[in-house]
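Could you build the full structure based on these sequences and the hints that come with them?
Chains as they are written, first to last, in the UniProt record's numbering: chain A, 1 to 263; chain B, 1 to 263.
The set of hints was computed from the structure by calculation and includes no laboratory data. In this text, a Cβ means the ideal position worked out from N, Cα and C, and glycines have one as well. Some clues are possibly wrong.
Facing chain B, according to a computed beta carbon distance under 10 Å, are these residues of chain A, among others [to be verified]:
1. Asp99
2. Lys100
3. Asp101
4. Met135
5. Ala137
6. Leu199
7. Asp216
Now the stretches of chain B that chain A is said to cover, found in silico as 3 or more residues with beta-carbon under 8 Å [stated by the list, open to error]:
8. 122 to 135
9. 168 to 174
10. 210 to 224
2 protein chains.
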Amino acid sequence: MTVKQLSLPELTETCVRLGVPGVGLWREPVQAYGVEAAARLVRDAGLAVTTLCRGGFLTAVDPVLRKEALDDNRGAIDEAAALGTDTLVLVSGGLPDGDKDLRGARERIADALAELAPYGARQGVRLAIEPLHPMFASDRCVVSTLDQALDLAERFPADQVGVAVDTYHIWWDDRAPAAVARAAERIFTFQLADWITPLPAGVLNGRGQIGDGAIDMRAWRERVDAAGYTGAIEVELFNDELWARDGVELLTEVTRRYLAHAL
Amino acid sequence: MTVKQLSLPELTETCVRLGVPGVGLWREPVQAYGVEAAARLVRDAGLAVTTLCRGGFLTAVDPVLRKEALDDNRGAIDEAAALGTDTLVLVSGGLPDGDKDLRGARERIADALAELAPYGARQGVRLAIEPLHPMFASDRCVVSTLDQALDLAERFPADQVGVAVDTYHIWWDDRAPAAVARAAERIFTFQLADWITPLPAGVLNGRGQIGDGAIDMRAWRERVDAAGYTGAIEVELFNDELWARDGVELLTEVTRRYLAHAL
Numbered sequence: 001m002t003v004k005q006l007s008l009p010e011l012t013e014t015c016v017r018l019g020v021p022g023v024g025l026w027r028e029p030v031q032a033y034g035v036e037a038a039a040r041l042v043r044d045a046g047l048a049v050t051t052l053c054r055g056g057f058l059t060a061v062d063p064v065l066r067k068e069a070l071d072d073n074r075g076a077i078d079e080a081a082a083l084g085t086d087t088l089v090l091v092s093g094g095l096p097d098g099d100k101d102l103r104g105a106r107e108r109i110a111d112a113l114a115e116l117a118p119y120g121a122r123q124g125v126r127l128a129i130e131p132l133h134p135m136f137a138s139d140r141c142v143v144s145t146l147d148q149a150l151d152l153a154e155r156f157p158a159d160q161v162g163v164a165v166d167t168y169h170i171w172w173d174d175r176a177p178a179a180v181a182r183a184a185e186r187i188f189t190f191q192l193a194d195w196i197t198p199l200p201a202g203v204l205n206g207r208g209q210i211g212d213g214a215i216d217m218r219a220w221r222e223r224v225d226a227a228g229y230t231g232a233i234e235v236e237l238f239n240d241e242l243w244a245r246d247g248v249e250l251l252t253e254v255t256r257r258y259l260a261h262a263l
Numbered sequence: 001m002t003v004k005q006l007s008l009p010e011l012t013e014t015c016v017r018l019g020v021p022g023v024g025l026w027r028e029p030v031q032a033y034g035v036e037a038a039a040r041l042v043r044d045a046g047l048a049v050t051t052l053c054r055g056g057f058l059t060a061v062d063p064v065l066r067k068e069a070l071d072d073n074r075g076a077i078d079e080a081a082a083l084g085t086d087t088l089v090l091v092s093g094g095l096p097d098g099d100k101d102l103r104g105a106r107e108r109i110a111d112a113l114a115e116l117a118p119y120g121a122r123q124g125v126r127l128a129i130e131p132l133h134p135m136f137a138s139d140r141c142v143v144s145t146l147d148q149a150l151d152l153a154e155r156f157p158a159d160q161v162g163v164a165v166d167t168y169h170i171w172w173d174d175r176a177p178a179a180v181a182r183a184a185e186r187i188f189t190f191q192l193a194d195w196i197t198p199l200p201a202g203v204l205n206g207r208g209q210i211g212d213g214a215i216d217m218r219a220w221r222e223r224v225d226a227a228g229y230t231g232a233i234e235v236e237l238f239n240d241e242l243w244a245r246d247g248v249e250l251l252t253e254v255t256r257r258y259l260a261h262a263l
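Here it is as structure tokens:
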């Protein structure tokens with residue numbers, strides 16, 4: 001998604017050329033390209049698929065909608081397995097229309113995980129609950145802090161359900177450093193974007209280039225390192241200005257900024 | 001600010017007519033009208049000035065800027081006293097340019113409060129630290145949760161420094177209910193707006209009319225009641241669509257929505 005202006009072949013070719021060892025993929029572009037074809041493309045390029053985004057949307061009350069969500073998530077798990085990644089990132093879902101019960105919504109996420117975690121485990125796919133910034137609490141994700149994500153994850157085996165640590169979502173939280181330590185082996189991915197203002201309308205596409213904003217990237221890197229994390233570090237930018245630029249040039253800048261700020 | 005389209009005389013006249021017993025005022029409109037004149041106007045109408053917004057902006061590093069901020073806050077305290085309100089709301093300030101140290105910024109707030117709290121106390125003006133939504137952490141307020149606000153307030157006497165509980169800023173936080181109980185007598189004001197999406201560009205003016213969004217207003221009302229709060233309840237809406245409407249009609253709707261959702 002960071003360089004969505006590049007096709008999958010352009011993306012893999014550029015990653016290889018720049019020495020980027022892996023890429024996190026998103027379901028829709030992969031489905032459009034063909035899951036098996038995408039798997040082959042990335043594998044033949046010698047790249048790892050670090051994660052698949054995204055499953056989730058597990059907060060519906062209506063039983064028909066719940067079943068649809070579970071079916072869709074099982075499909076996402078299948079895709080992750082086909083791509084050869086061990087991690088499916090979950091954007092857990094917002095409040096249903098007219099519903100004001102955050103706690104109930106979080107419990108429904110746990111209910112869904114009880115079904116999806118073993119399904120994932122049978123295919124070697126772990127589920128990573130991603131806490132999203134509180135500004136997304138009503139419409140995208142009622143899980144707003146790393147502590148809340150761990151409160152859910154810890155009900156399940158540590159090799160089945162963990163968390164996605166994303167600097168953009170948690171940088172403001174004075175409890176997040178301790179939560180990173182608490183997460184320990186449940187950190188399934190570590191994602192970077194910088195916090196910049198002003199936020200755009202809809203606040204979805206405001207994620208900033210590494211080094212452009214208020215987040216101390218190195219401090220968060222040191223915290224996940226101290227927690228024992230040795231997995232992939234993914235730069236994940238959603239930004240209309242960045243997307244308007246040349247994709248190869250942008251990806252090159254991403255690598256330089258990562259080396260300068262997060263190594 | 002909720003009905004900023006009304007002049008102060010129109011505002012007081014309409015409050016009296018509708019039976020609204022008090023109003024929270026903002027520094028700039030009051031300064032424009034004249035502090036003494038505003039005090040007289042509201043007093044003669046038999047209304048309380050529930051709070052004055054706002055002091056704050058206490059995170060500068062530069063000593064010249066720090067002194068300017070303290071001077072400005074002392075002025076705000078003077079204005080609050082002149083208006084006959086006992087509460088100055090603080091929007092504590094964001095990160096200075098290029099600064100990534102949230103904890104340092106929060107400590108500088110505490111340093112400033114050490115000077116301002118006694119100054120306020122001598123004039124019967126209490127300081128209410130308002131935690132702002134985490135989306136404002138870099139550019140407006142590094143205090144993002146009620147717990148963080150209390151961590152600061154509790155360093156000072158309970159009759160000098162407390163907190164402003166604002167549903168819009170804290171509704172998503174699973175720790176906020178316990179923090180409201182923790183706040184107890186340090187709740188100096190209780191402010192309401194509803195959470196609606198999509199957020200507008202800049203995310204400042206997205207506060208929703210009571211009843212239009214995701215927040216369980218009555219639940220928060222019950223929590224502050226249970227904490228022992230008996231003070232004013234202020235509806236505080238910043239919303240371009242609402243501001244474009246007739247001010248009297250809007251204020252009338254505010255009263256109806258308050259009665260329906262927060263009584």
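query: Of the hints stated earlier, which fail here?
result: none
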